[in-house]
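Here is what each chain is made of, one letter per residue.
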Amino acid sequence: MTLGAEGAAEVERRARAILELDGVNVSYGGTRAVRDVSMAVEPNTVTALIGASGCGKTTLLRSLNRMHDLTKGARVEGRVLFEGQDIYDRTIDPVAVRRVIGMVFQKPNPFPTMSVYDNVVAGLKLAGRVKRSELDEVVERSLTQAALWDEVEDRLHTPATGLSGGQQQRLCIARSLAVDPAVLLMDEPTSALDPQATARIEELLAELKRYVTIVIVTHNMQQAGRVSDWTAFMHLGELVEQGPTDQIFTRPQQPLTERYISGHFG
Amino acid sequence: MVRTLSRRGGASRRRRTANAAATAMVVLAALAVLTPLVLVLVYLVGQGIGAIDLAFFTQLPAPAGEAGGGVAQAVVGTLELLALAAVIGLVIGIGTGVFVAEYPDHPLVPTVRLLSDALIGIPAIVMGLVAYALLVVPLRHFNGLSGGVSLGLIMIPYVVRATDEVMRLVPGVVREAGFALGLPRWRVILQIVLPSAASGIVTGAMLAMARVAGEAAPLLFTAFGNQYWNFDPLKPVAALPLVIYTYSISPYDSWHRIASAASLVLVAFVFATTLLTRFVFARRAR
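Which chain is which? The protein sequence lines are A and B, in order.
Residue 18 in the working numbering is what sits at position 18 of the first sequence, and the numbering runs on without skipping anything.
Residue 445 in the working numbering is what sits at position 179 of the second sequence, and the numbering runs on without skipping anything.
Be careful, since some hints might not be right.
Taking lysine to any residue pairs in the SDA-like style, the calculated list, with each CA pair at most 20 Å apart, reads [unchecked claim]:
no.	chain 1	residue 1	chain 2	residue 2
1	A	72	B	371
2	A	107	B	435
3	A	72	B	370
4	A	72	B	375
5	A	72	B	440
6	A	125	B	441
7	A	72	B	435
8	A	72	B	437
Residues from chain A shown here face chain B by an in silico Cβ test under 7 Å; the list is partial [what the hints assert, rightly or not]:
no.	residue
9	99
10	103
11	105
12	109
13	111
14	113
15	123
16	126
17	179
With beta-carbon atoms standing in for the labels, derived distance ranges [said to hold, decoys possible]:
no.	chain 1	residue 1	chain 2	residue 2	range
18	B	371	A	222	37 to 43 Å
19	B	387	A	52	47 to 53 Å
20	B	545	A	130	36 to 42 Å
Read the hints as simulated data drawn from the structure, not as lab findings.
Nothing here was measured: the structure is a model prediction, and the numbers come from that model.
We put the beta carbon where it would ideally sit given N, CA and C, even for glycine.
Okay, chain B solo, but in the shape it has when bound (with noise of 0.2 Å):
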């Protein structure tokens, strides 16, 4: 027998038909992922662009009705809302994480992962509740405390798995070289796998904040939002998606614009966040 390596005959056409097939479908998925996502970015660039001045992010809202003004409580707002999302989401979770992937032999660690990927699945506007019941019903008022934890809660699971995941990449030689040299298992934690595991706990809290920055459910009914300054936490705070909303569904073409323009500035920051990270860790890499 002849064994042909040519490519006319009819196996190797037909080989050749499917390579193109399943090439083309896998590009036609990608390109779906694409399209909307830029027709969003389109949307959004054509109907905010026009209201982002400087009065945007330095005034405060215009009266209904009347030209100007801007959303400046908003971004400062969200800022502040983040911060302390991070504050509280990065704690417990690199805490958390930390303790699933240094301590695997304890008895809670199966329970704590499972729950805490469970607790991916959980709607923000749940942690909204939650923050609702515990800050917002003592206190007796809507309270910046409250949206920021609610954010919070939403990342920690975020940050947990991320944690999780790059400090098991962390080889177990680096771990008993610094146990080899007499150190306290704490220390080889904190000052050896830590650091090695920081630039991929970074990206993955960077995510996590990405994650809760465009949140508005949770804060509904936690940081409420507000039309004037307030630096206090104990007292309702702005956000961005909540004037998003709130702009949204008012029946004024001005706040329409202001509300485009809110979520352009949103996703450019998430955008920003992101790119940045990947930039300084790109270059930390090498």
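Extracted from the complex, chain A is given alone in its bound form (with noise of 0.2 Å):
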């Protein structure tokens, strides 16, 4: 294999990836819905996976996380590197992969007996002694990074499910960075919310790209191409093709990717 300018460039890419994946498989009870997937993610990016539905994006993004070691019959091979550890190896935590690599899901899931302040703190308090006014801290700082402080500022002890779905969304969001992870998954977490909520989302990504990374499954083409730096276009399973997200929408390499892109299918 020669490397070429654009292998140089991408060898440079993996040594700062915060997340790398590598030859992953994922298959439920025999059924592979994800085939051979490498690429690299960079810190404080914002990496979009595209692609029609049932695609193997969202499967793909819950290997990333370990989110597959709950569903029954589901199996990743591969490796899933995070900064050079992989979390599939058998003395990692997967409980300690999740502290650092939070998701948020497609639909608003705040928990449903708490308040807006004990949902946020909820990460914390659970797993351990943590001192009051700390807590009050983080929900004031997660709140605010997740552009919801002054909404919900003064009903803060009230019950979460009593908020918006897009308000509900953006605590969820609130809640993942409570613990501080150093990346967030998210599944298409505006595609049960209005246009007015998607927008504040997306407007929300580009500021949190400055405390995480993230990775985030889109249905919807044009976030992909709004919100994201880099961008990654599955089809039946298989990484197609990726790259810079103004590459990939205005100078698309494979046929199937244009395809996909202007609209033909998916």
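Both chains are sitting in their own frames, so use the hints and assemble them into the complex.
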């Protein structure tokens, strides 16, 4: 294999990567949902996973913080390196992995019995002793980072389920940020929200990059174009093409990518 | 062909007749359920209300044939037995319910669930025998603890089923949210899933309590009953169902009235518990 200019750039990217996937395969009870995916995620960037329904993008995302451990019959092969450590190594504690690699889900899922405040600190409080004054700080910081503080400041102790859908989703983002993760995985975080709430979350992502690395699965190509720095296009479980977002959207190398981008399928 | 929408046609009339007949049948069925319940209540109130006074709740039984006295020791005894039963029934029942709901892949779960459901069908008196063998025979005398254990054993399968069902209603995404925060499984279950299911579990627990509050059979040869105050769970303890049994088969009219009064108190207690649970959780649910 010869290393062209592009190959050299890729080696450099991999050296900087906070998350590196190396030949990742995921199967459910024998059916292969993700095939041999390798890619690098640079710190403090937004990486978008795009592709048609059922292409394996959510499955791939869930393999990045060992959420598949909780699914019966799911099997992950290959290596996922977080800062050089393989998170699937036998010596690794999956609970510790999820502390540094958080996740925001498709539908807002605040803890139904808890207040706004308790939702934000759930990860910290349930994990051990934290001082009350520290919790207050974490709540304000996390909610501010999630652009929700101004809206809930005076109702921190009301039930979280009383918030609107968009607010609940930002609450879930705040809850993930509260445990200070290095990477935040987002699985179509705006698919259950109206356009306004979606716009707020998209604006938020640009801000959040400063604190965390984001990998986002999205159905919405415009969204991928607006929020991400790097885009990976998947089809039938395979990673067809990846590159800087503007390049993927303006000069895709693969005909399949071009057809998807221009709306011919998906 | 003209498509008729008229009510006058034969088909339309037949359909309306069938509908009316079906409605009448389900209303009759509902009435058939309510009638015995209402009759029992009316009878109990008629027979027993006269014997319910302060003395009923504060005094020990008067000697046979003498007027006055109460069954205070049985009212308190029933509460003691229910408390013991709740400790056993709830701890084991909720624990098992959590196990079958939250560890569905564990190889023991199908067997546990099947056996627990089968336990519901086991006659109460058999549970009494179990408690008798475990706690009365070794201690060589009847005691309240064995009574509480027998009632607790009866409660277990009801609590297991209630816990299992309501915990499985908690959406998987709520659990995933907990795991994604880096929480260990036991914390997710204990501090996120259980609280979300709490109202259903409490309702199930209350129904199980109501179910065992009126049991006499398993207590006959365990708690045994007592005419005097006794707060020692290792000695015989009185209970309202035992009072009902003993006093009903006695030859004294005054005792028959006390038996009716005790029945009324028991029914009222079960009713009140059920209504209170509903009320509390109906308010919480809003």
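Task: Hints violated by the structure (numbers, ascending) - done: The structure conflicts with no hint, since it agrees with every one listed earlier.
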